[in-house]
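So the chains spell out like this:
There are 4 protein chains.
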Amino acid sequence: MKAVVYEGPRSVSVKEVPDAKIERPTDVLVKITCTNICGSDLHMYEGRTDFERGGVFGHENLGQVAEVGNAVDRVKVGDWVAVPFNIGCGFCKNCERGLSAYCLTTNPGMAGAAYGFADMGPYRGGQAEYLRVPYGDYNCLKLPPDAEEKQSDYVMLADIFPTGWHCTELAGMQPGECVVVYGAGPVGLMCAYSAMIKGACMVMVVDRHPDRLRLAESIGAIAIDDSKGSPVEQVLKLTNGIGADRGCECVGYQAHDPQGHEHPNMTMNNLVHSVKFTGGIGVVGVYIPQDPAPQDKLYADGDIIFDYGLFWFKGQKVGTGQCNVKAYNRQLRDLIYTGRAKPSFIVSHQLPLAEAPDAYQHFDARDDGWTKVTLQPAA
Amino acid sequence: MKAVVYEGPRSVSVKEVPDAKIERPTDVLVKITCTNICGSDLHMYEGRTDFERGGVFGHENLGQVAEVGNAVDRVKVGDWVAVPFNIGCGFCKNCERGLSAYCLTTNPGMAGAAYGFADMGPYRGGQAEYLRVPYGDYNCLKLPPDAEEKQSDYVMLADIFPTGWHCTELAGMQPGECVVVYGAGPVGLMCAYSAMIKGACMVMVVDRHPDRLRLAESIGAIAIDDSKGSPVEQVLKLTNGIGADRGCECVGYQAHDPQGHEHPNMTMNNLVHSVKFTGGIGVVGVYIPQDPAPQDKLYADGDIIFDYGLFWFKGQKVGTGQCNVKAYNRQLRDLIYTGRAKPSFIVSHQLPLAEAPDAYQHFDARDDGWTKVTLQPAA
Amino acid sequence: MKAVVYEGPRSVSVKEVPDAKIERPTDVLVKITCTNICGSDLHMYEGRTDFERGGVFGHENLGQVAEVGNAVDRVKVGDWVAVPFNIGCGFCKNCERGLSAYCLTTNPGMAGAAYGFADMGPYRGGQAEYLRVPYGDYNCLKLPPDAEEKQSDYVMLADIFPTGWHCTELAGMQPGECVVVYGAGPVGLMCAYSAMIKGACMVMVVDRHPDRLRLAESIGAIAIDDSKGSPVEQVLKLTNGIGADRGCECVGYQAHDPQGHEHPNMTMNNLVHSVKFTGGIGVVGVYIPQDPAPQDKLYADGDIIFDYGLFWFKGQKVGTGQCNVKAYNRQLRDLIYTGRAKPSFIVSHQLPLAEAPDAYQHFDARDDGWTKVTLQPAA
Amino acid sequence: MKAVVYEGPRSVSVKEVPDAKIERPTDVLVKITCTNICGSDLHMYEGRTDFERGGVFGHENLGQVAEVGNAVDRVKVGDWVAVPFNIGCGFCKNCERGLSAYCLTTNPGMAGAAYGFADMGPYRGGQAEYLRVPYGDYNCLKLPPDAEEKQSDYVMLADIFPTGWHCTELAGMQPGECVVVYGAGPVGLMCAYSAMIKGACMVMVVDRHPDRLRLAESIGAIAIDDSKGSPVEQVLKLTNGIGADRGCECVGYQAHDPQGHEHPNMTMNNLVHSVKFTGGIGVVGVYIPQDPAPQDKLYADGDIIFDYGLFWFKGQKVGTGQCNVKAYNRQLRDLIYTGRAKPSFIVSHQLPLAEAPDAYQHFDARDDGWTKVTLQPAA
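Protein chains in written order, with the numbering used here: chain Z, 1 to 379; chain R, 1 to 379; chain H, 1 to 379; chain P, 1 to 379.
These are computed hints drawn from the structure, not numbers from a lab. Being a predicted model, the structure only gives us computed values, none of them experimental. Among the hints, a few may not be true.
[Unchecked claim] Subject to a maximum C-alpha distance of 30 Å in a straight line, what follows is the list of computed DSBU-like cross-link-like pairs (lysine-lysine):
id, chain 1, residue 1, chain 2, residue 2
1, R, Lys15, R, Lys150
2, R, Lys142, R, Lys93
3, P, Lys93, Z, Lys237
4, H, Lys237, Z, Lys93
[Claimed, not checked] What the simulated footprint calls covered on chain H by chain R, stretch by stretch (three residues with Cβ under 8 Å from a Cβ of chain R suffice, anywhere in the stretch; the number is not a length):
id, segment
5, 93-105
6, 298-306
[To be verified] So the derived label-pair ranges between C-beta atoms look like this:
id, chain 1, residue 1, chain 2, residue 2, range
7, R, Gly241, H, Asp301, 19 to 27 Å
8, R, Gly260, Z, Gln350, 56 to 64 Å
9, Z, Leu298, P, Pro144, 48 to 56 Å
10, R, Gln295, P, Pro108, 56 to 64 Å
11, R, Gly241, Z, Leu298, 55 to 63 Å
12, Z, Pro258, H, Lys76, 28 to 36 Å
13, P, Met110, Z, Arg10, 48 to 56 Å
14, R, Gly220, P, Pro145, 54 to 62 Å
15, H, Gln376, P, Pro258, 52 to 60 Å
16, H, Pro145, P, Pro145, 48 to 56 Å
17, P, Pro108, R, Gly260, 55 to 63 Å
18, P, Pro108, R, Asp19, 28 to 36 Å
By construction, the Cβ of each residue, glycine as well, lies at the ideal position given by its N, Cα and C atoms.
I would like the entire structure built from these sequences, with the hints used as guidance.
And the structure:
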């Protein structure tokens, strides 16, 4: 089958790889019709992780079930399914508490597995014609009758819509509160969108790319351009000097200033200053314990200089980590089905699989208008 | 000062009563500019409670501070304030946990006090020119600069907007869930509106008055006319036979069939059948321990025949009781201020105080189009 | 293999039945070494349900894994396991939220399955030499090295220890609160024990059997004998007239007065009166939608006369239903392992399987000292 | 009246100061009978804050009401009361949500006030004969009939028992979980004690003072001596390499190695390594935004080098800040009253006020056996 293969820093190709197939009785094989490029693919694409050459990318996947193992009871051939990026077993201590991003079974020695992801187990990604889904009854979300026509909405259930939503949960957001989101990439926009759906009274989004800030405004958020002045001061001004009730980190360790210098501690410290006393902060932007090519030396071991004294003094809380997609994907699916959510508003490009190399290049460069790319292996 | 005085069953007059005034150092005196007639006023108006003749109605109040006691620190003369219908002290065991509807101080021997309300303490209502607010720093919600122009929105903060919201909280509603609301009176409409704001994927509203059902549809809810067939069957049909995730009771003990016969157990049992296994039910419709004039004999002591076997078998939860207004009024105020909520959509009549007797008569008769009446004592 | 077989009202025998065996690739076969008789077995034993003759009882099971299906990954032959009475799939909407008592897969057309239980699916019970456990990786709780010697403690993890604990959760109990438990049968005692472990400041237990009340006192609870006067008055006296913070129903629909007459509404209404304004009530005592042989006619369809007016007026909450064992069994296992819990204090009899008929007779008669019976098929 | 007065670094005296008195109608005047020296007093005593000379220490206070203002309704002369260290108003946005440590009224320009505390407002402490308590109805906790005889227990309600409890709440601890507490000073011991009361399955306490570790063991905790090897390794060994479910920081910014060198980031980073993936960390040890005399230069502005990459990778949560005493003091009072808690086990010295200077010196030096000092101004 054809797949998007990592060839080395800033290089991918589309080529033939061995077919995905049923390997265990609990597996499901999905024919991929829609698979997105994610901002976290870029960390790997840029060679900033230990993802191995020859591996297949792709953890935002949607398609139709082609085959099921003989221990699969719920999922049927022909079902349209969205596949969470995390691979859980459903029966370990973490999965049974809904912490499916930290499965103790699927990536032995660690907590958590994913498709086509550095350090997340030996699973190939779904930027390919087919995807093997382990523990298929647990990991496939069945989609309603309008699945095929709304693919570009439902595919967001695999990662970024739940991940953005998760950030508001980690921040402890409640209806009627005021939220600031750092980062207006796809996850940041989904986070802002989630806050709007959940009844925030005001959502502020910090970024510096005009196309992204326009998208934020299109869903009712207030755009804050941090290339035009301190985002902290802008947030404080909009909140009578008090700060936001909740802050959301949707940037990650490659946070950089307008000049392009990386400061892994920049967003976090801005959040401590932007959020009120007793407020909450959620962090879904990716941070890693070891950075093989750090711009900031301190961060080689994942260390940052953190305004901890102020953080404690303000009595803030922080919640972090990858999203447990299954904790949210049913409800978000239902919101899409009843027309109350339409997350495809961020999609800028729908391309055949063959154009993946070009798409990676543009998306990595944050070229204007390349907000979110969907690949269609079956097209 | 002038006030709406209860003269006996189905009779109120507007006449002179002694002026409200500061009685304790913690009191605040509010000049009332906007005060609503509430569905629960009708229980008293109809003589179905032991509310005493000569008492003043009115627990949905908004106005401007005219005077403050010498121990009042936060509220200032001239402030625009919305006044929760419950009167709390702020320091008893219940108030300090946010259960201000069950204050242990303000109505000795009972839990909970309110303005102009049967069994809720010796406090006069605010359908009058002035209102004395005990523990004013605790009980007055300050309003933002647009208070005067948005009075018909902010006045809903005194009772029915928080009460409708509370019902969704008692039901345990989460974003993305499906909710059925029984009753499309003002509280039921506010409940449906709250569920929409909080991100329900579908809201169904059961009633039989066309004007109310139209209002429900105007906010995106699905109207269910229970005079056209079993509401339970209609709910099950809309939910693939599973039932709603959450059910909300906004009717109360005077629930009656289309022929007008009261069945205090009707709504509750319909909810047990309308809500899914493991679902939650919230009840803000008023029920009372003693009914002086019950249509259903059993209800003289507040008893109902309840489908308890099925309720348990389905593993449902029920939460009940009056709304702790202060638990929600700040957030709802902020939603109004930022334009994300506009609860005045239910207001059908804005009248001078003098027209109260006429307004009571129409509202009590559920005359078509008399959805919600606001009285303006200062007009 | 040998098993306890239901022969008709008040009659069981121990006889040969077809061997339990692996039927699906996800099955686990457990050699039962310890299996309890439960109070809910008695409803079936007495012929008060539609449990069919020839069926095998037993849903409180512990033993050693004898065989596993080829899709089982975690559980290994030789593992000691405690088996929750509910049979979940691990991947349906309810299981993935921890509501494994309401699995949508294992008992089609209903929510929830169990071993050897009326209306809970076609699964044989474990009062037998072997038990087939569906979805074994999900449904088996692995036990620590001291499993064999502490069998009479760990077997309580299958049902009554989690069920008693669940009741305190349904009631919303927090540390430092005051709890009243109605019923000092095995579940009631486990409920009181759970409340003590969780830091209740006072636990009251209502019953009338001296042996049970003594056991309640042995764990630090206050015994209330309801044959000596109104339990409500005794509770109010012990709580300065305020009532308990939380109430727990561990009796069920066969609640009866000291003269033996059944009143299915008795415990629930006593709880409404025994619990404070704003308090919470948990109900794990079994209630059923249809009673084939009701003493109280109204209860034929599961109806009771309920003090709903007072319940609402007090702003109480009720949570009901069977326990989701997997929500608690890991933590309770760990408490047993570290010696902080020893639920076997209620065991009165440890008997070979062959003595089951005699044991059922004594336990059903509530004979003095027959608090809890453990059967040992391997003995 | 006599009071403990700060004279400068490591110097206090007991001398006459102007009498405390009723200043506002909502004030209560308390005759102090029992007032503790707290670990956080030592930061000020050592001159590590900007506490001004001439100020009076003391925020752990208990006594008898001597006088009340004319707007005080609940508290009566003669009542025995424990006084939370935080001074709240009861009606601001934070107080009404139970965040009384962050009152927006009592310390204008900041969030939160306290008695005799640097940066926490102009309130004198209670290491004196009398204490003025603002908003007395809100800030005084009435004590039961055994108040006088159990003073050394109830005085712990003013700060360290709730503060230790709060730490377990910030960490998100649930019954049956495994907890590691860093620091076995009075707060750390109260934290470990709280975890035991709430049903932890195992509590580990890290310190290096033998007298403190012995006290930890006396309540059933496991003592870990960090002068004998890496505490992280000891914790991992006791938890099968997984780490504790929850971690509690009860040390603060003066954390130091066995050689006495301060490392403000030491405890926090140890916690990240000691706590499992998805685990929670609570921090009640004091951290400050500006350290006037930092040993670690970076900490002059409250900065630390933090293992953020690992923290995020493990998906941990952190909650911080001063304890909202009123959120817990009623329940903890009730646990003392019913005999289920006896926090006075940490008291090593009960001394007259006059011996305060000597007591400060010994306590500051961590002299063996000086675990907790109670001063008795009325003795």
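Checking each numbered hint in turn, tell me which of them this model violates, lowest number first. 4 and 12
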